[in-house]
Amino acid sequence: MFESVLVANRGEIARRVIATARRMGIASVAVYSEADAELPYVAEADQAVPIGPAPPADSYLDIGAVLAAARKTGAQAVHPGYGFLAENPEFAARVAADGLTWVGPPPLAMAQMGDKINARNLMAQAGVPVAAGTASPVTDADDAAAQARRIGYPVMVKAAAGGGGIGMSAAAGEPELRAAFDTARSRAERFFGSPAILLERYIARARHVEIQILGLNDGRILTLGERDCSVQRRHQKVAEETPSPGVSAALRDRMLQAAVRAGEAVGYRGAGTVECLVDTEAEDFVFLEMNTRLQVEHPVTEMVTGIDLVEQQFLVAAGEMVSFDPASVRYLGHALELRVYAEDPRRFLPSPGTIMEWAEPSGEGIRVDAGYQAGNKVTPFYDPLLAKLCAHGATRAEALSRARDAVASFRITGLKTNLPFHAELLDSGEFASGSYDTSVVARLRP
Amino acid sequence: MAEIRAEMVANVWKVVAAEGDQVEDGATLVILESMKMEIPVLAEAPGTITKLAVAEGDVVQEGDLIATID
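Quick mapping for you: the protein sequence lines, in order, are chains A and B. Going left to right, the first sequence walks through residues 4 to 449 as my numbering numbers them. Going left to right, the second sequence walks through residues 328 to 397 as my numbering numbers them.
FYI, nobody ran anything at the bench for these hints, they're computed from the structure. Where a beta carbon is used, it is the ideal one built from N, C-alpha and C, also for glycine. Certain hints may be false.
To be verified - Distance windows between CB atoms, simulated: (1) GLU427(A) - ALA382(B): 35 to 43 Å; (2) ARG223(A) - LYS341(B): 46 to 54 Å; (3) THR357(A) - GLU371(B): 43 to 51 Å; (4) ARG332(B) - GLU37(A): 24 to 32 Å; (5) ASP391(B) - ALA57(A): 15 to 23 Å; (6) GLN349(B) - ALA400(A): 52 to 60 Å; (7) ASP391(B) - ASP49(A): 40 to 48 Å; (8) ARG153(A) - ARG332(B): 16 to 24 Å; (9) ALA382(B) - SER189(A): 49 to 57 Å; (10) THR398(A) - GLU365(B): 38 to 46 Å; (11) GLU93(A) - ARG332(B): 38 to 46 Å; (12) ASP391(B) - GLU37(A): 19 to 27 Å; (13) GLU284(A) - ALA382(B): 45 to 53 Å; (14) GLU371(B) - VAL332(A): 54 to 62 Å.
Excised from the complex, chain A in its bound form (with noise of 0.2 Å):
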């Protein structure tokens, strides 16, 4: 096992990292914008480098300033976390060619799942099912109105280089379709830097489930359960929870072996996640893309499996076996997990601000990831994740009860979060019945 790892991330998912590392004898290198100096996971990391000014093509994706780091404080891995650098499979090689360990799928997995266009053509040759749609980069709007006709309305109009939910809409005619491919075109440019649109046909009642996977040394793919993250705004979730109260067990068990499949196809290695787009009438599913690194919402599986899966990251990395038995999994109880957003409830709109109180919630079956304390400044230029509450219970009833009482304790003053909306969505019939899809947050806020 390697000694140190530097932690190429902030907020909560640096400070989840640094305490399984320190759990596990490894010493912990922190990197910081100027904007994120004050931040607990600078502070608990055994070093801490600064990296550049705030804006995150200054520092947290400067691969040079973050490799500049990792030769100074001598780190032996690389952990990227998720979002800014971790699907970059460029930044994957230099980490290697610089003679640090990866903690990570292979550059070539990640390369293969980062253009969704390929993504989908190479699942489909492996026999996982993929949704109707393009073959091929979509190259202007007549391409696509051309497209969708042959695919058939309605649409969802994705950058292939994409991900977040960014630039992506669904449209039901093609005057739609003709503004969601300009839309989807220019943020596809401008967040991804490639102009690569895919178009797939879009499921109305659709459940949004995901397989964890986890790749060994020896070849093989375990599987950790589903998640479900049907709970989203703008096409990005809010809230998440395992077991699915949508999936049937037969149709798990289908989804399972595809994403098995689908990590075979890659050689992938370490933790996974295969994003699957569930058609709650037809019983079915279609694959939707992979995500090639730790997710943000992998606590859920955490919880109902004792499994810690940054510990497995680690050990995959080095070259070792994981930690547990993978023949004798349990899964116990149910877990839930609410994004805590530095948003307004109502509109979902952005809430920057400084942090006044901030008193986390505690008992039985709940667990905080927080990036923040009092006293700390929310910056626009990150996302507004501040914390992931998340409640276990023995069953699903007990989960949410437990969320419940959490949502109402926590508290946090000096800006807006979007705690009042949790507690909404708690209370609400759709979600506390399990029956509900994607269109759950807009039923909500009509």
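Assemble chain B onto chain A, guided by the hints.
Same frame as chain A, but now just chain B:
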């Protein structure tokens, strides 16, 4: 006369309109960016832009003037 103000701390990503432009109600004047989200700032009434108080790259605070429409 209508004053359009920023609803939150944000960076000015794009200035779409210019002083002297005739705009419709709901026209996009500038696009702000905060927390990885683009937030269009819209005209709240039809008229002429008499003042455009921000430039691309500026940082605006909550309540800062963005534009005046007459």
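Right, here's what the structure says about each hint:
no.	hint	result
1	GLU427(A) - ALA382(B): 35 to 43 Å	39 Å, holds
2	ARG223(A) - LYS341(B): 46 to 54 Å	49 Å, holds
3	THR357(A) - GLU371(B): 43 to 51 Å	29 Å, violated
4	ARG332(B) - GLU37(A): 24 to 32 Å	27 Å, holds
5	ASP391(B) - ALA57(A): 15 to 23 Å	19 Å, holds
6	GLN349(B) - ALA400(A): 52 to 60 Å	59 Å, holds
7	ASP391(B) - ASP49(A): 40 to 48 Å	41 Å, holds
8	ARG153(A) - ARG332(B): 16 to 24 Å	47 Å, violated
9	ALA382(B) - SER189(A): 49 to 57 Å	20 Å, violated
10	THR398(A) - GLU365(B): 38 to 46 Å	41 Å, holds
11	GLU93(A) - ARG332(B): 38 to 46 Å	42 Å, holds
12	ASP391(B) - GLU37(A): 19 to 27 Å	22 Å, holds
13	GLU284(A) - ALA382(B): 45 to 53 Å	51 Å, holds
14	GLU371(B) - VAL332(A): 54 to 62 Å	56 Å, holds
Taken one by one, the earlier hints fail for this structure at numbers 3, 8 and 9, listed in ascending order.
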